[in-house]
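J.: The primary structure of each chain is shown beneath.
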Amino acid sequence: MALIFKIAWRNLLRHKGKSIIIGVILFLAAFIMTLGSGIISGMDRGLELNIVNGFLGDIVIISKKEKSDNILFKMYGESIETITKYKDAKKILQSQEYIKDFIPVGKNMAMVLNEDEGDPGFAMTLGVDFEAYRKFFPDSFTMVEGSYPGKNEQGVIIPMKAREDLYDFINAWFLPEKGDIVEKNLTADAKENLKDLNIKRTAVFMGMSEGNYTSDIRLGVKGIMKFRALNTMWGHFSIMDIESYRKCLGYFSASDLSLEVSGDKKELLAMDDSNLDSMFGKGEFFVRDRGSSDISGISFKSRKGRETVGDIDYEAGIYNLIFIKLKKGEALDRSVGRLNEVLSKTELDMRAITWKKASGAIGSMAVIIKGALFTFVIFLFFVAVIIIVNTLSMAAIERTSEIGMMRAVGARKGFISGMFIGETAILSGLFGGAGIVFGIAVVNIIPLLHITSANDLVQLLYGGDVFKPYLSAGDTLVAVVQLVIVTFVTVVYPVRVAMGITPLDAISRE
Amino acid sequence: MNIIEIRELKKNYPLGTTTVHALRGIDMNIIEGDFLSIVGPSGSGKTTLLNIIGCIDSASEGSVKIGGVEITSLNDIEVTDMRLNRIGFIFQTFNLIPVLNVVENVEFPLLLMKKFTKAEVRKRADKLIDEVGLTDHAHHRPAELSGGQRQRVAIARALVTNPDIVLADEPTANLDSVTGGQILELMKEMNRIEKTTFIFSTHDENVLRYARDILKIRDGVLVKE
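If you're matching them up, the sequences are chains A and B in order.
Those letters in the first sequence? Residues 534 to 1043, per the working numbering, in order.
Those letters in the second sequence? Residues 3 to 227, per the working numbering, in order.
I should point out that these hints are in silico values taken from the structure, not numbers from a laboratory.
C-beta: ideal position from N, C-alpha, C; glycine also.
One should not assume that every hint holds.
Claimed, not checked - Derived pair list, reagent style SDA-like, types lysine to any residue, alpha-carbon separation capped at 20 Å:
| hint | chain 1 | residue 1 | chain 2 | residue 2 |
| --- | --- | --- | --- | --- |
| 1 | B | 116 | A | 959 |
| 2 | B | 120 | A | 534 |
| 3 | A | 878 | A | 677 |
| 4 | B | 125 | A | 947 |
| 5 | B | 117 | A | 878 |
| 6 | B | 116 | A | 947 |
Claimed, not checked - Selected chain B positions facing chain A (in silico; Cβ < 10 Å):
| hint | residue |
| --- | --- |
| 7 | 109 |
| 8 | 113 |
| 9 | 121 |
| 10 | 208 |
| 11 | 220 |
Using the sequences plus the hints, can you model the full thing?
T.: Structural data, given as structure tokens:
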């Protein structure tokens, strides 16, 4: 082995030009591969951090009736199925030792009605317990105007992005109930029309669902918010208190469920369908289809939400999703599997999915960007491999006399192949290794430069608002393994050429 | 005692649609310790005969035994080991490994054998280098040596494994007459010291005076004198 490496090393020095060409290609390929891997890992990590810690949690529980796992950005008008027995689910989730925390939310589309007689705007809405939501996602957004609603306060907080979109759609500039115009937050168009700006401090939301039982509800704007990262994506979601959300979507609200029902009404509710005709006969009631999960189907015009809600058991009402955070170190897929196993043994109409599945559209874009990067890296490697294979094969043919003579004096084919593998391994180790080390250095230096972007697509590439490539020990190991694979792939054909050289070839050449 | 026994050896080369009969049926025995020259004009088949004896080329027909071993039925590894352990080569163009110095070139076959310690390898190489008169150049690379010196290195390398046979195909062809004479004298001296069988081919009548025995070959057959 020492002899093989001695000859290999001296051959590399003897053919400095070729060695440097191959070495530089290996260096660049290893560097780009390492940097690309760092960008992809950083993107993965950033997306995970932003989505898990900023919006969805690790796991999302959805209704079993939900046809698609992609619940984050659904097609307009397609509503998300309801979860009706949150309190039962809560007990189960609390008993799972791998779960750190969870929060139930409502999530659907809503129209933002134009009170000046124009087309409505649209907004994604989240219905939450404000206090619990802030606790669950403490760093995901900041209030840029107004203030975050207090405990049990009713109202809505609108992201900057949604406010700008609504300004374009319904020509209304939403301001917090207690707040003035902040000029730096105005869009260029709004700045131009500052004097005639149509200021609104309340917004009328009307839920959108496939059933025809939504309501419109006027909510005070408590504040304007900005998400820490991917604001142009999360910024579509206006966040309102869960009770207002339920009324907006026409769901059972907690206050509905807390109403005392008189004896005769209980009787009436207990009647089965066959007795409904008798009700019409007396002409006492008007009954309408409100879907299976709601009783608050009464439509009202700009019903004003109460400012605060008293001692109501919020958890008794309807939700759409439950966001779950796992304890540190718990494996995502395994936890989802365990949770689904537990849920399947209950009567609950729920199933658990990973944040990756839940964020389908973003996940798909991320996969496309990752795929493009990966393809680029593979293409580079392909080109590098072809150049190296060609150079090494030519070197083998040029050294026919030397190789043939070695074979003549007793070197086996294994010695010849070892010599070529040794030469390539030395080049890979030195130049490829340097490429990996340089790649690691660059990956670690880039975050210090604090490169930011406000562009949505670039933020997806960054995995957040700051470009933070990241290399784990595993990624570095993969880079080394890839380099080893490339070394062996590039050497296979030249070794075959060299092993095919016989002493007779050497003599014939002379 | 015969070190080489050849019976009905034939070698045919396909050349387009025809076949070249390089050897047309050779029968010969070579005794151990001989200093034999195979002579004949270009294209007579002497190099082909040497290549087959040296396990560098294969026979089309016939039998070739070296030290009692039939070499025509050996596989690649066995043939390679035969070359390593029992045959030494001296080529026309002094084929040395360019990246190794004199002593490393001479050590090369011994290191391939993996039988000896480093000290034993070095001792054996130094002895041979001394015998061919290159001690002062032991750490020079081939590019730093003259043609004659390179051929001396090749002789040392051929002998370092104590082979049964040393084959030299026109060892003086690329040397001037004085240097060629010195090389042949050296080979003869080594034959005397090491008791190794030397077989060399030549078409130069001037070098025949060094040979103990001479075999003439023409058109692929041995010619009796």
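J.: Hint by hint, note whether the structure agrees.
T.: Status of the hints after comparison with the structure:
{"no.": "1", "hint": "B:116 with A:959", "in the structure": "violated, 24 Å"}
{"no.": "2", "hint": "B:120 with A:534", "in the structure": "holds, 13 Å"}
{"no.": "3", "hint": "A:878 with A:677", "in the structure": "violated, 45 Å"}
{"no.": "4", "hint": "B:125 with A:947", "in the structure": "violated, 27 Å"}
{"no.": "5", "hint": "B:117 with A:878", "in the structure": "violated, 71 Å"}
{"no.": "6", "hint": "B:116 with A:947", "in the structure": "holds, 14 Å"}
{"no.": "7", "hint": "109", "in the structure": "holds, 9 Å"}
{"no.": "8", "hint": "113", "in the structure": "holds, 5 Å"}
{"no.": "9", "hint": "121", "in the structure": "violated, 15 Å"}
{"no.": "10", "hint": "208", "in the structure": "violated, 22 Å"}
{"no.": "11", "hint": "220", "in the structure": "violated, 21 Å"}
Hint check: violations occur at hints 1, 3, 4, 5, 9, 10, 11; the rest are consistent with the structure.
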